[in-house]
Amino acid sequence: MSKLPILQKNAYLSLVLKDNSIWAHLAYTDYNAQREYILSDFTDLNPLKQRLDDEFFTRKFWYEYFDNLEKVFNWDIVDRDTYRLQMYKTFKDEGVGLTGIRVLVDENQKYFNTIFASLREFSKDIAVRIVDDSYIYNLLEGLLGRMEYEDILYLDMDLLDFKIYRAKKIVENRKEKTVITKSKISWGNEYGVVDSVRDSRFKAFLASDFASKDILNYWSNFVINKIFFTEDPNILDILRSYTTIQNYSLYQDNIDKLSGFGTDSTNSLMIISGHIPAILGKQKTLMTVVDGLEIMGELDCIWDLEKKILSYGKSYVFGTNSTDIILQEKKFLVLATKVLIPEVKRLKNQNKVIMSGYAESLSMEKNEFYALSPGFTFIQLPKHEDKLLVELEFKKDIVIPNGVKSKVGFVSIPGKGRYDSILVDGRPRPIVYGPDVYTNRSKLSMWLNDFKA
Amino acid sequence: MILKHRLFEKYDEYTFKIPSGRGDRILVNVGEILKEGTDILIRRGNNVKNSFFLPSQLGCTRENIGKYLICMDGEFVERGDILAEKASMGGLTIKRLTSPIQGVVDMSRIDIGYLDLLGEEQENTVKSTFNGVVESINPIDGITIKTSAYALDLVAISNVQEDSRYIVGEFVSLGSGNDVILKSVEEDLQGKIVFAGKRLHPDLLRDIFEKGAKFVLSYSMDYQNFRNQGLPVGVIGGFGEIYSPKEMIEKITKKSHTFAVVDVNESQIFFLGGSIKESIKDSLFVQNAVGRKVVSHALGNYGMLGEVNGVEDDSYISVNWENGASSIINVGSVEFVSY
Numbered sequence: 039m040s041k042l043p044i045l046q047k048n049a050y051l052s053l054v055l056k057d058n059s060i061w062a063h064l065a066y067t068d069y070n071a072q073r074e075y076i077l078s079d080f081t082d083l084n085p086l087k088q089r090l091d092d093e094f095f096t097r098k099f100w101y102e103y104f105d106n107l108e109k110v111f112n113w114d115i116v117d118r119d120t121y122r123l124q125m126y127k128t129f130k131d132e133g134v135g136l137t138g139i140r141v142l143v144d145e146n147q148k149y150f151n152t153i154f155a156s157l158r159e160f161s162k163d164i165a166v167r168i169v170d171d172s173y174i175y176n177l178l179e180g181l182l183g184r185m186e187y188e189d190i191l192y193l194d195m196d197l198l199d200f201k202i203y204r205a206k207k208i209v210e211n212r213k214e215k216t217v218i219t220k221s222k223i224s225w226g227n228e229y230g231v232v233d234s235v236r237d238s239r240f241k242a243f244l245a246s247d248f249a250s251k252d253i254l255n256y257w258s259n260f261v262i263n264k265i266f267f268t269e270d271p272n273i274l275d276i277l278r279s280y281t282t283i284q285n286y287s288l289y290q291d292n293i294d295k296l297s298g299f300g301t302d303s304t305n306s307l308m309i310i311s312g313h314i315p316a317i318l319g320k321q322k323t324l325m326t327v328v329d330g331l332e333i334m335g336e337l338d339c340i341w342d343l344e345k346k347i348l349s350y351g352k353s354y355v356f357g358t359n360s361t362d363i364i365l366q367e368k369k370f371l372v373l374a375t376k377v378l379i380p381e382v383k384r385l386k387n388q389n390k391v392i393m394s395g396y397a398e399s400l401s402m403e404k405n406e407f408y409a410l411s412p413g414f415t416f417i418q419l420p421k422h423e424d425k426l427l428v429e430l431e432f433k434k435d436i437v438i439p440n441g442v443k444s445k446v447g448f449v450s451i452p453g454k455g456r457y458d459s460i461l462v463d464g465r466p467r468p469i470v471y472g473p474d475v476y477t478n479r480s481k482l483s484m485w486l487n488d489f490k491a
Numbered sequence: 010m011i012l013k014h015r016l017f018e019k020y021d022e023y024t025f026k027i028p029s030g031r032g033d034r035i036l037v038n039v040g041e042i043l044k045e046g047t048d049i050l051i052r053r054g055n056n057v058k059n060s061f062f063l064p065s066q067l068g069c070t071r072e073n074i075g076k077y078l079i080c081m082d083g084e085f086v087e088r089g090d091i092l093a094e095k096a097s098m099g100g101l102t103i104k105r106l107t108s109p110i111q112g113v114v115d116m117s118r119i120d121i122g123y124l125d126l127l128g129e130e131q132e133n134t135v136k137s138t139f140n141g142v143v144e145s146i147n148p149i150d151g152i153t154i155k156t157s158a159y160a161l162d163l164v165a166i167s168n169v170q171e172d173s174r175y176i177v178g179e180f181v182s183l184g185s186g187n188d189v190i191l192k193s194v195e196e197d198l199q200g201k202i203v204f205a206g207k208r209l210h211p212d213l214l215r216d217i218f219e220k221g222a223k224f225v226l227s228y229s230m231d232y233q234n235f236r237n238q239g240l241p242v243g244v245i246g247g248f249g250e251i252y253s254p255k256e257m258i259e260k261i262t263k264k265s266h267t268f269a270v271v272d273v274n275e276s277q278i279f280f281l282g283g284s285i286k287e288s289i290k291d292s293l294f295v296q297n298a299v300g301r302k303v304v305s306h307a308l309g310n311y312g313m314l315g316e317v318n319g320v321e322d323d324s325y326i327s328v329n330w331e332n333g334a335s336s337i338i339n340v341g342s343v344e345f346v347s348y
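Sequences listed follow chains A and B, in order. For the numbering used here, count along the first sequence from 1 and bump the result up by 38. For the numbering used here, count along the second sequence from 1 and bump the result up by 9.
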């Protein structure tokens with residue numbers, strides 16, 4: 039296969055079809071003009087979920103989809119004269135045509151075969167790839183090789199499926215090798231998810247009074263209709279509890295695969311993806327992960343809520359050897375969160391400052407921040423166009439387990455490795471939930487500061 | 010991009026089967042064009058004179074009914090004969106179900122908990138309520154017919170036996186669909202697919218099945234009742250005391266006395282033939298949100314129908330709701346719908 043000349047202009051469209059949703063990313067590069075960007079779109083297929091296996095989900099659907107995508111991206115995509123033979127226009131310049139289209143279809147997507155066949159029928163020139171375990175293994179192995187991390191955890195959290203992949207560099211017989219593992223929980227249908235909240239273990243994590251049958255009705259509507267946005271505190275609390283239990287069950291069943299993440303290595307990366315983080319938000323999602331997987335230490339967290347890593351991760355891994363598009367890190371890696379979970383002893387006084395720090399750049403004055411114990415503090419860093427230097431120090435006797443250090447410093451570089459937030463978990467270990475919803479409500483209010491249930 | 014959910018999806022060609030039993034007389038031939046009112050077959054069978062829901066009569070689970078039955082399927086029983094018996098308290102108390110009439114025991118619905126007593130044999134003519142073509146006739150599949158249909162999606166469907174992946178029958182609506190009722194005024198619902206209205210109460214559900222219904226459809230019901238009742242039920246809107254759009258209920262009740270097929274695997278009900286006024290097939294995608302119909306998925310007014318009157322930014326729209334209120338709501342909390 040021919041390689042792409044690095045300076046060649048290029049426009050490539052990658053679609054990810056997973057969990058009855060389509061994520062579209064059109065990547066454009068022109069290194070002569072120093073232009074590189076990704077246009078993104080999301081389409082929820084749930085309104086068609088009972089029709090994905092019939093005539094509607096055929097070539098006609100795809101034609102209509104690309105026709106609309108053209109308008110959204112303001113990009114000439116469809117070749118209306120010869121769409122039967124090659125449906126997309128050959129790339130000419132920015133805004134006109136594509137060098138290729140790739141569709142990644144998740145192996146667990148319902149009616150996979152029908153969708154696969156309809157794409158094939160629609161155009162033979164679309165590269166259709168299957169996202170299965172081996173695809174993720176290759177992607178993570180590649181990222182481990184290309185990025186400066188030694189331990190990567192990829193979490194895909196959807197209501198019906200929880201998957202955790204871990205790729206870790208280890209040294210065996212003086213040789214470095216990569217070990218990749220997978221842990222998974224899958225519910226057969228929505229009823230299992232709805233009914234799971236009646237489990238007695240669930241109540242240990244809940245902070246809403248769950249006595250009312252109405253809450254079960256709200257939760258069932260939320261699960262069955264796959265709602266993408268809610269501000270209802272009861273639903274958010276059920277979702278947080280449910281996610282914590284799923285992560286905790288995964289951890290207990292796969293302790294040998296998942297233990298030590300964050301402390302085994304000084305360079306750990308967590309990639310979070312899926313439907314749940316998009317609803318829960320960063321702080322609560324991280325709490326479910328940290329508590330469920332019993333994570334300590336220091337790590338970076340990337341939020342792949344738009345499936346950009348799934349779309350273009352491999353192109354990035356292949357670098358200049360890529361056959362679709364050559365992308366620099368800055369466009370496909372979204373903003374990261376620095377996660378710091380130190381060892382905190384139980385303190386006599388509540389709300390004691392355990393960490394203080396600052397962020398500064400050439401164009402910005404010094405911004406100071408701090409974290410309290412027992413808080414689960416999420417600090418939003420200021421938006422920055424220049425390099426942002428962040429330095430923070432933990433107070434006496436409080437250290438990060440990996441490397442046993444009390445000072446952390448990093449630089450957020452726009453266009454390379456950019457951080458938008460810091461999470462400091464100042465809760466003393468072990469984390470204890472329960473015994474009842476009222477105690478949980480008071481604890482969560484203290485941990486999250488503004489928690490309402 | 011946003012896809013619209015077509016609440017009634019038109020299928021120009023829909024093939025279904027009308028099962029024919031022993032003794033039924035088929036009145037159509039292969040290739041024959043059916044019109045509304047065409048006689049399709051004469052169905053011979055015994056009418057249901059009495060139905061008993063054994064779990065509530067005996068105080069047992071559906072799975073254990075077999076242990077307490079005294080009669081046999083097809084047995085002729087006299088008034089006062091014992092049909093089922095359950096001893097409890099170490100045999101000190103006995104619950105008995107006796108036959109109130111003379112009739113034949115029918116256990117065809119015993120899996121869902123019902124024991125029926127049949128009366129005299131009757132003949133019923135099944136008439137077409139749609140235009141279509143007879144594709145084939147054979148003793149296994151019955152009569153295969155191709156017609157047009159409107160599909161309505163069900164959010165949930167419960168407890169349908171393995172051998173009943175398709176339920177075919179006359180669709181009837183109990184009243185206007187807008188009132189919550191506890192008992193059906195219709196006396197005979199044998200073999201019918203019944204729309205119970207905007208909310209299904211467990212008492213009404215039992216009453217409908219005692220009157221011989223095959224399947225019950227409701228806009229909403231309580232989730233716990235849905236999971237515990239053990240009968241074939243389909244839910245259109247959702248669970249709990251949710252809003253049911255008047256327009257939608259009206260369109261469903263208008264389908265009363267037409268033929269319908271419940272496709273259990275697809276979780277859809279197909280209303281055969283007919284037409285719905287606003288059935289112009291436009292784009293699957295929402296081109297311009299303003300003027301579009303939406304159904305709320307927000308907790309405060311879940312299920313309520315509204316019309317978009319403005320776009321605030323990429324994520325928020327302002328909506329005029331059917332109850333006269335208006336609000337700004339996140340796009341992720343609504344579903345764009347069309348008919």
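FYI, nobody ran anything at the bench for these hints, they're computed from the structure. Be aware that a few hints might be false.
Said to hold, decoys possible - Away from chain A, derived, C-beta distances all over 12 angstroms, residues of chain B: (1) Leu-12; (2) Lys-13; (3) Tyr-20; (4) Gly-46; (5) Val-86; (6) Pro-109; (7) Glu-179; (8) Arg-215; (9) Arg-236; (10) Val-244.
Said to hold, decoys possible - Just so you have them, the derived chain A footprint on chain B, three or more residues with Cβ under 8 angstroms: (11) 67-80; (12) 92-100; (13) 113-126; (14) 159-167; (15) 198-211; (16) 254-266.
Unchecked claim - Derived pair list, reagent style DSSO-like, types lysine-lysine, alpha-carbon separation capped at 27 angstroms: (17) Lys-255(B) to Lys-98(A); (18) Lys-425(A) to Lys-386(A); (19) Lys-87(A) to Lys-136(B); (20) Lys-220(B) to Lys-87(A); (21) Lys-136(B) to Lys-220(B).
From the three backbone atoms N, C-alpha and C, an ideal C-beta is built for every residue, glycine too.
Do the hints match the structure? See the list:
no. : hint                     : result
1   : Leu-12                   : violated (5 angstroms)
2   : Lys-13                   : violated (6 angstroms)
3   : Tyr-20                   : violated (8 angstroms)
4   : Gly-46                   : holds (30 angstroms)
5   : Val-86                   : holds (39 angstroms)
6   : Pro-109                  : holds (36 angstroms)
7   : Glu-179                  : holds (23 angstroms)
8   : Arg-215                  : holds (19 angstroms)
9   : Arg-236                  : violated (7 angstroms)
10  : Val-244                  : violated (9 angstroms)
11  : 67-80                    : violated (count 0)
12  : 92-100                   : violated (count 0)
13  : 113-126                  : violated (count 0)
14  : 159-167                  : holds (count 4)
15  : 198-211                  : violated (count 0)
16  : 254-266                  : violated (count 0)
17  : Lys-255(B) to Lys-98(A)  : violated (33 angstroms)
18  : Lys-425(A) to Lys-386(A) : violated (39 angstroms)
19  : Lys-87(A) to Lys-136(B)  : violated (33 angstroms)
20  : Lys-220(B) to Lys-87(A)  : violated (34 angstroms)
21  : Lys-136(B) to Lys-220(B) : holds (21 angstroms)
The structure is inconsistent with the numbered hints 1, 2, 3, 9, 10, 11, 12, 13, 15, 16, 17, 18, 19 and 20, although it conforms to all the rest.
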